[in-house]
Amino acid sequence: MPVDVHSLVAPYALDSLGDEEERGFEQHLATCERCREELAGLREAAASLAYGVAGPEPPTALKERILTQARAERPNVTALPRGRRGRAAPLAAAAALAAAVALGFGVWSATRPATRDSFSAVLAQPGARLVPLDGRGAVAVAPDGTAALAFTVPPAPAGKAYEAWVIQGGTPKPAGLFEGGDRTSVLDIEQPVRRGAVVAVTLERDGGAKRPTQTPLAVSRAVS
Amino acid sequence: MTALLTSPPPTSGSKGPRELAHLTDEALISLVASSDDGALAELYDRFGRVAYGLALRILRDEALAQDAVQEAFLALWHSADRFLAERAKASTWILTLVHRRSVDLVRREDRRRGEPLERAPEAATTSTAEDEAALGFQRRVVQEALRRLPAEQREALELGYYGGLTQSELAERLGQPLGTIKSRMFAGLTQLRDLLAQAGLEESLPT
Numbered sequence: 001m002p003v004d005v006h007s008l009v010a011p012y013a014l015d016s017l018g019d020e021e022e023r024g025f026e027q028h029l030a031t032c033e034r035c036r037e038e039l040a041g042l043r044e045a046a047a048s049l050a051y052g053v054a055g056p057e058p059p060t061a062l063k064e065r066i067l068t069q070a071r072a073e074r075p076n077v078t079a080l081p082r083g084r085r086g087r088a089a090p091l092a093a094a095a096a097l098a099a100a101v102a103l104g105f106g107v108w109s110a111t112r113p114a115t116r117d118s119f120s121a122v123l124a125q126p127g128a129r130l131v132p133l134d135g136r137g138a139v140a141v142a143p144d145g146t147a148a149l150a151f152t153v154p155p156a157p158a159g160k161a162y163e164a165w166v167i168q169g170g171t172p173k174p175a176g177l178f179e180g181g182d183r184t185s186v187l188d189i190e191q192p193v194r195r196g197a198v199v200a201v202t203l204e205r206d207g208g209a210k211r212p213t214q215t216p217l218a219v220s221r222a223v224s
Numbered sequence: 001m002t003a004l005l006t007s008p009p010p011t012s013g014s015k016g017p018r019e020l021a022h023l024t025d026e027a028l029i030s031l032v033a034s035s036d037d038g039a040l041a042e043l044y045d046r047f048g049r050v051a052y053g054l055a056l057r058i059l060r061d062e063a064l065a066q067d068a069v070q071e072a073f074l075a076l077w078h079s080a081d082r083f084l085a086e087r088a089k090a091s092t093w094i095l096t097l098v099h100r101r102s103v104d105l106v107r108r109e110d111r112r113r114g115e116p117l118e119r120a121p122e123a124a125t126t127s128t129a130e131d132e133a134a135l136g137f138q139r140r141v142v143q144e145a146l147r148r149l150p151a152e153q154r155e156a157l158e159l160g161y162y163g164g165l166t167q168s169e170l171a172e173r174l175g176q177p178l179g180t181i182k183s184r185m186f187a188g189l190t191q192l193r194d195l196l197a198q199a200g201l202e203e204s205l206p207t
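Chains A and B, in that order, are what the protein sequence lines are. Per the numbering used here: the first sequence = residues 1 to 224. Per the numbering used here: the second sequence = residues 1 to 207.
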């Protein structure tokens, strides 16, 4: 029997479709912008029903069980373009190019090809890694922990500055201030960036803070 | 900036979830995508209670409810990358994962229950009064919004979402055409969304 496939969006949001109907609707979703938009709102309403339940605390052992299994099944972190010892120059150049393409840095790269900014300098080192920062920038990390940030944000409002943080072992350390602007900002990160660290950016009062006081504008992946 | 470097924050030997407390749910998911188990722990602290309550409501069995929550958080662990491409709220995504697992399990166990208003068992709690108050407030707002829906829409949402029934099972149980069930679900969810927006619940839910 032919059904109006759009009308399945509400039962789908409630997980109320049978297996076959669900597969059919998911195929439809892939091609229907209207249903995807509608689904976003309905899913949110459906999820709020979870807060309507009065339930007990989960057993304390559940958290540890989840974390133990998660650690045992730790997925491989997505490989990022990175140079390798001994073949550094061409691979670092390829990484820089990949960054330029992925981050929309084409203009920036093309207009400043000869500038030895700190970001490019770090990236040019043998073994340097490139870690994306929420699609608006990236962190270049050298094997010795020297790192630089490239980030695109509008100029900071009066009395404010962007502050970079290096978070290692759960503790954020201030890593430098920058102002933002029309061009990509490049910053020397003032803390060593080791394996497992994360770099984040917040907007703070001018002069910076000792600990982040705002929610981050961007958080990098952990450095691998 | 030198001043900043001379007075660094105290370092701590081990990463505690509280040190991630300043991050948004969405930022935590970014960290989970890079296999940060501290971020996973923090998300569990934020959503585990609601997740378990939901799973228990659907499954009516503590062991199964724990399985559902565990599977949902491991799905989060393995697919956090995929969330980044979506533009949903993290809370919606996490609770959707939990609901999905619970419904899958209840169907697999063939333990569907239809009675929408039976209460899950209450148990002794160790959470703070502040957490309790926030959860209690959210619960009242959602329950009040549900009460304000027309009875047949409320019934469709409760049997579908809490009962784990498919739309076809619902149509059969209620003796209504499938089209009617779909319309009730759509109207119910749309109205619920509007009522919750009016109640300002958006701001009070963890985001």
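Since the hints were made in silico from the structure, they are not lab data. Heads up, a few of these hints could be off.
Here are some chain B residues pointing at chain A (derived, C-beta under 10 Å) [what the hints assert, rightly or not]:
hint, residue
1, Leu31
2, Ala51
3, Gly175
We put the beta carbon where it would ideally sit given N, CA and C, even for glycine.
Holds or violated: is the Cβ of B:Ala51 closer than 10 Å to a Cβ in chain A? holds (7 Å)
A closest beta-carbon separation below 10 Å is what the hint needs, so does B:Gly175 meet it against chain A? With Cβ-Cβ at 17 Å, over 10 Å, it is violated.
Does the nearest C-beta of chain A fall within a distance shorter than 10 Å of the C-beta of B:Leu31? holds (6 Å)
The structure shown violates just one earlier hint, number 3.
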